[in-house]
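Participant: Chains as they are written, first to last, in my numbering: chain A, 1 to 416; chain B, 1 to 290; chain C, 1 to 282.
I should point out that these hints are in silico values taken from the structure, not numbers from a laboratory. There's no promise every hint is true.
Chain A is nowhere near these chain B residues, computed Cβ spacing over 10 Å in every case [what the hints assert, rightly or not]: (1) 39; (2) 106; (3) 111; (4) 129; (5) 150; (6) 199; (7) 243; (8) 257; (9) 270; (10) 281.
Have a look at the derived ranges for each label pair, beta carbon to beta carbon [to be verified]: (11) B:137 <-> A:154: 31 to 37 Å; (12) C:258 <-> A:104: 46 to 52 Å; (13) B:284 <-> C:267: 52 to 58 Å.
No residue lacks a Cβ here, since even glycine has one placed at the ideal position from N, Cα and C.
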Amino acid sequence: MTTRIKSLSFAALAAVMAVPAYADVELQMFHRWPNAPFKPYIDSVIADFEAANPGIRIVTDQVLNDAYKDKIRVVLGSANTPDVFFAWSGEWAFNIARAGRSMDLGPLLEANPEWAQNIVAEQIEPFTMDGTVYGLPWQMDGKAIFYNKRIFEELGLTEPQTFGELMQVCGTLQNAGHTPILFGSRAPWAISHYIGTFNERIVAPEVLAADYNRATGEFTHPGYVEALEKFAELATCMNRSPNGIDHESTRNNFIAERGAMAYLQYAEMGFLTAAEFPYGFFIFPEIEGGKGRQTTLQGAPQGWMISADTKHPEEAAKFLEFLISPEMGARLTAETGIISPVKGAVTAESATPEQLVAFEQIMNAGDPYIWLDTALDSAVADAYMRGVQLLLDGRMTPEEVMMDVQAAADRVRGSL
Amino acid sequence: MSRRALDLTIYSLPFLLVVGVFVFYPLIANFYYSFQAFSAFSPTMRPVGLENYARLMNDPVIRIAFVNVGLYAALSVLCQVAFGLVLAAILSQAFLGRWARFLQAFFFLPVVMSITVIAFVFTFFYDPMTGLINELLAAVGLGAWQRAWLGESATAIYAVIAVSQWQSIGYVMMLFVVAIQGIPRDLYEAAELDGAGPVAQFFYITVPQVREMLIVATVITVTGSITVFSEPHILTGGGPGNSSTVLATYMYRSAFFRDEMGYAAAIASVIFVATMMVSLLQLRLFGKAK
Amino acid sequence: MIPAAILRHPGRLPVITLLALHTVIVAYPLFWMVSNSLKTTQEIYAASWSLPTRWVFENYAEAWVRGISGYFMNSVIVTGSTIALTLAISALAAFGMVRAEASGIGRAANVVFLACIAGMLVAPQVALVPLYKMMQTLGLHNSHLALILPYTAYRLPITILLVRAVFLAVPRDLDDCANIDGCNSFQVLWHVYLPMSRSILLTCAVLTAYYAWNEFLFAIIFIDSDRLKTIPAGLMNFRDALMTDWGVLVAGLVIAAAPIILLFIVAQRYFLSGFATGAVKG
Numbered sequence: 001m002t003t004r005i006k007s008l009s010f011a012a013l014a015a016v017m018a019v020p021a022y023a024d025v026e027l028q029m030f031h032r033w034p035n036a037p038f039k040p041y042i043d044s045v046i047a048d049f050e051a052a053n054p055g056i057r058i059v060t061d062q063v064l065n066d067a068y069k070d071k072i073r074v075v076l077g078s079a080n081t082p083d084v085f086f087a088w089s090g091e092w093a094f095n096i097a098r099a100g101r102s103m104d105l106g107p108l109l110e111a112n113p114e115w116a117q118n119i120v121a122e123q124i125e126p127f128t129m130d131g132t133v134y135g136l137p138w139q140m141d142g143k144a145i146f147y148n149k150r151i152f153e154e155l156g157l158t159e160p161q162t163f164g165e166l167m168q169v170c171g172t173l174q175n176a177g178h179t180p181i182l183f184g185s186r187a188p189w190a191i192s193h194y195i196g197t198f199n200e201r202i203v204a205p206e207v208l209a210a211d212y213n214r215a216t217g218e219f220t221h222p223g224y225v226e227a228l229e230k231f232a233e234l235a236t237c238m239n240r241s242p243n244g245i246d247h248e249s250t251r252n253n254f255i256a257e258r259g260a261m262a263y264l265q266y267a268e269m270g271f272l273t274a275a276e277f278p279y280g281f282f283i284f285p286e287i288e289g290g291k292g293r294q295t296t297l298q299g300a301p302q303g304w305m306i307s308a309d310t311k312h313p314e315e316a317a318k319f320l321e322f323l324i325s326p327e328m329g330a331r332l333t334a335e336t337g338i339i340s341p342v343k344g345a346v347t348a349e350s351a352t353p354e355q356l357v358a359f360e361q362i363m364n365a366g367d368p369y370i371w372l373d374t375a376l377d378s379a380v381a382d383a384y385m386r387g388v389q390l391l392l393d394g395r396m397t398p399e400e401v402m403m404d405v406q407a408a409a410d411r412v413r414g415s416l
Numbered sequence: 001m002s003r004r005a006l007d008l009t010i011y012s013l014p015f016l017l018v019v020g021v022f023v024f025y026p027l028i029a030n031f032y033y034s035f036q037a038f039s040a041f042s043p044t045m046r047p048v049g050l051e052n053y054a055r056l057m058n059d060p061v062i063r064i065a066f067v068n069v070g071l072y073a074a075l076s077v078l079c080q081v082a083f084g085l086v087l088a089a090i091l092s093q094a095f096l097g098r099w100a101r102f103l104q105a106f107f108f109l110p111v112v113m114s115i116t117v118i119a120f121v122f123t124f125f126y127d128p129m130t131g132l133i134n135e136l137l138a139a140v141g142l143g144a145w146q147r148a149w150l151g152e153s154a155t156a157i158y159a160v161i162a163v164s165q166w167q168s169i170g171y172v173m174m175l176f177v178v179a180i181q182g183i184p185r186d187l188y189e190a191a192e193l194d195g196a197g198p199v200a201q202f203f204y205i206t207v208p209q210v211r212e213m214l215i216v217a218t219v220i221t222v223t224g225s226i227t228v229f230s231e232p233h234i235l236t237g238g239g240p241g242n243s244s245t246v247l248a249t250y251m252y253r254s255a256f257f258r259d260e261m262g263y264a265a266a267i268a269s270v271i272f273v274a275t276m277m278v279s280l281l282q283l284r285l286f287g288k289a290k
Numbered sequence: 001m002i003p004a005a006i007l008r009h010p011g012r013l014p015v016i017t018l019l020a021l022h023t024v025i026v027a028y029p030l031f032w033m034v035s036n037s038l039k040t041t042q043e044i045y046a047a048s049w050s051l052p053t054r055w056v057f058e059n060y061a062e063a064w065v066r067g068i069s070g071y072f073m074n075s076v077i078v079t080g081s082t083i084a085l086t087l088a089i090s091a092l093a094a095f096g097m098v099r100a101e102a103s104g105i106g107r108a109a110n111v112v113f114l115a116c117i118a119g120m121l122v123a124p125q126v127a128l129v130p131l132y133k134m135m136q137t138l139g140l141h142n143s144h145l146a147l148i149l150p151y152t153a154y155r156l157p158i159t160i161l162l163v164r165a166v167f168l169a170v171p172r173d174l175d176d177c178a179n180i181d182g183c184n185s186f187q188v189l190w191h192v193y194l195p196m197s198r199s200i201l202l203t204c205a206v207l208t209a210y211y212a213w214n215e216f217l218f219a220i221i222f223i224d225s226d227r228l229k230t231i232p233a234g235l236m237n238f239r240d241a242l243m244t245d246w247g248v249l250v251a252g253l254v255i256a257a258a259p260i261i262l263l264f265i266v267a268q269r270y271f272l273s274g275f276a277t278g279a280v281k282g
């Protein structure tokens, strides 16, 4: 009798086991979007994935930008690292790869060539260190100066082609009683996007390449001081006390027409649907006399890594395949405004006309340059951003800021 | 071992175990870590000898942090201890009747609120565009004084300190209320017969009688200032620049943003030595007072 | 009552003005929180000092489901466990000390006493880096225990000293009677000492609750998952997620602050005496 029940229940168990392709697996996912519309999108993708793959459950955790940069360190240092986690590209990603915390994704790409060739190849590049792919892109992005077309038309202004013209535009706006550029640098990362741009335009590419590398970075070239001086010049066109204002407020103020321009990311276009005026955007103009590249776009892909310690590499890979698929990419663009790096995801159906323009800009920009805060070693980036906060506050000169940066870079080099 | 000694051992074992593991061991380990270089997620440590401490000596940010901690301590003692004592003395006046008890409890209320809640509310008040403080200034014709209180190096640390005062005055006040309750009534009665007014009574009776509590309250506020973390972390993140950085926020940033855990441990040692010195000072002062 | 008193004693006017002023300073932020928790974001943005034109009670429901409920439960679990653990361990250790002192081995009890004094001198901040490493090694990181254990450890020294002071006052003959009745030492603690020390135990519970409910530094570092975060740490996340939804954010702040304020009103006596005794012995 007992044996019979036992064997019966074994049979039942086997039957149940046969249905799902995976035994009960729980994947941990850690990302940086606690806010709408991104979190609802990710949650809905997960729901779809779980429905299509019974047996796999995905549990998420999320904290915003700067908090993510702190928390990911803690999480990766812990015993229960997330299986799939968000990653910026560039040095930020390499730092994690060097510590052996992220999985080599090359085999995954090789195993699924059809799927792999759907991803824009240039966007995989910034996740590649010494020929090994450590992360996969999920969002393409770029930084552009967004402007209020209504105000521009009122004053007969056109998109500036050079830094000089940009300053003239600002002058006209100021005379007409507008705040030309809205800026909030309370969260330091917003600063790095400006400084990255001025460095890119003013300093020669080979100098940048050497200094952005933590093993060789010195930051002694006079171009860096010049870049900060130019930035300080532009800062005269910004609202007062940017250090007291969040980037989110900057965007809200742009939408509320409290200023004419703001340096925003394409990924923020989803928020701009609330604006009651038409807007345009242009890539940061060239700087006359600069030794750097004049037409490049700032913007690095952001994406996902799989933890090197994951107990479920197969399931995690399966999830990434789902996340970075043409179908989900199209939904990403439509629902959140983020531009997907999956070929065929950004179309007239999924994207607004503005997003299509942004998509074209990214595809034609050639070699983009990476957000400065994720391109540099974090200690160097910290010195840079904190220094510029004080520059904006009139407490430090460009030379003094660079001395701090040099000291931080020296320390990083010395610690290798 | 005698029966009683065995009892003592058994009864205090849980305590000794928990405190040993989570209080004393970390203290020792911290010194060890302060001679290493490592990051939160790096698999290995690299011994660097005294390098972290050498750097500490020349780090301008540490200097800023010390100045800020000094400011924090000085202003806290002034606001909390001095003003708290005055408040307590007033609230101990007989003519307030039942109001005294009510106001004591009411002034204590901020103490029990979470600092996160308080900091967020004050962030709204300090907002440069829509904040209450700037609106108030404009309303009373001081529009020129408007500023981004948390966003300017000149004001950030003071704006942070002000929030701490709002929260903690009630606490120190309460300590003095209790101390004043312990003063024999006849001292005041005798003074009144001699014709001493309330102000004179405050200086000649209340202050000397609560001397011991003055020391305690001062030590509490000073040690609190040396270890302060939440307020600057939430309100300014230590910025702009490093203008409102204190020792604990610098330690946090070194450990979890700049990948300099060893350096963070060195900063922790500094915090330990500083709080230790204040506590030893307290013991000495107590010795003299007694 | 007060206005009449002022008329009779004009000298009290400055004192009463000062009290009134301080009352406004304390009251206004509290009033601001409650009134703005009932507004829409636009209304807060436009006029944060005025009363709400339409009372948006939905903010509270929204804040509750958007995560505050979870943080709240976590805080209850962590605070409750910390109180239970702290009181239990403290009562045992204090009892051991008192018995030892009474039976002539005070020197041995002094070791425990010194451990308490030394423990009180260590600020939790100093232990941050080693505790972080330890939590990883012990596999406690990102669990409620990662908070409960250190919270308990840093509350124990002061709590033991407070409890011991009261235990010392328990009459020795009661103790002996119980022994003659055949109680073992634990039963003496349970039936004699604890019932006689209810008041100090409550005071200690309140002090511990205050600490555990509001602790911030460990709470943001030792817990990663949003599901496990306590209120002070969870609110940080809550703010970032609701940067554009201020009414809900402020409603969340009110929910977070309310329980401890209510507890304070109910248990005022223990709070006030607790903070005072806690400080003097500290």
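Participant: The structure should be examined with respect to each hint, and the outcome stated for every one.
Facilitator: Hints, one by one, checked against the model:
{"no.": "1", "hint": "39", "result": "violated (7 Å)"}
{"no.": "2", "hint": "106", "result": "holds (32 Å)"}
{"no.": "3", "hint": "111", "result": "holds (27 Å)"}
{"no.": "4", "hint": "129", "result": "violated (7 Å)"}
{"no.": "5", "hint": "150", "result": "violated (6 Å)"}
{"no.": "6", "hint": "199", "result": "holds (42 Å)"}
{"no.": "7", "hint": "243", "result": "violated (7 Å)"}
{"no.": "8", "hint": "257", "result": "violated (6 Å)"}
{"no.": "9", "hint": "270", "result": "holds (19 Å)"}
{"no.": "10", "hint": "281", "result": "holds (34 Å)"}
{"no.": "11", "hint": "B:137 <-> A:154: 31 to 37 Å", "result": "holds (33 Å)"}
{"no.": "12", "hint": "C:258 <-> A:104: 46 to 52 Å", "result": "holds (51 Å)"}
{"no.": "13", "hint": "B:284 <-> C:267: 52 to 58 Å", "result": "violated (36 Å)"}
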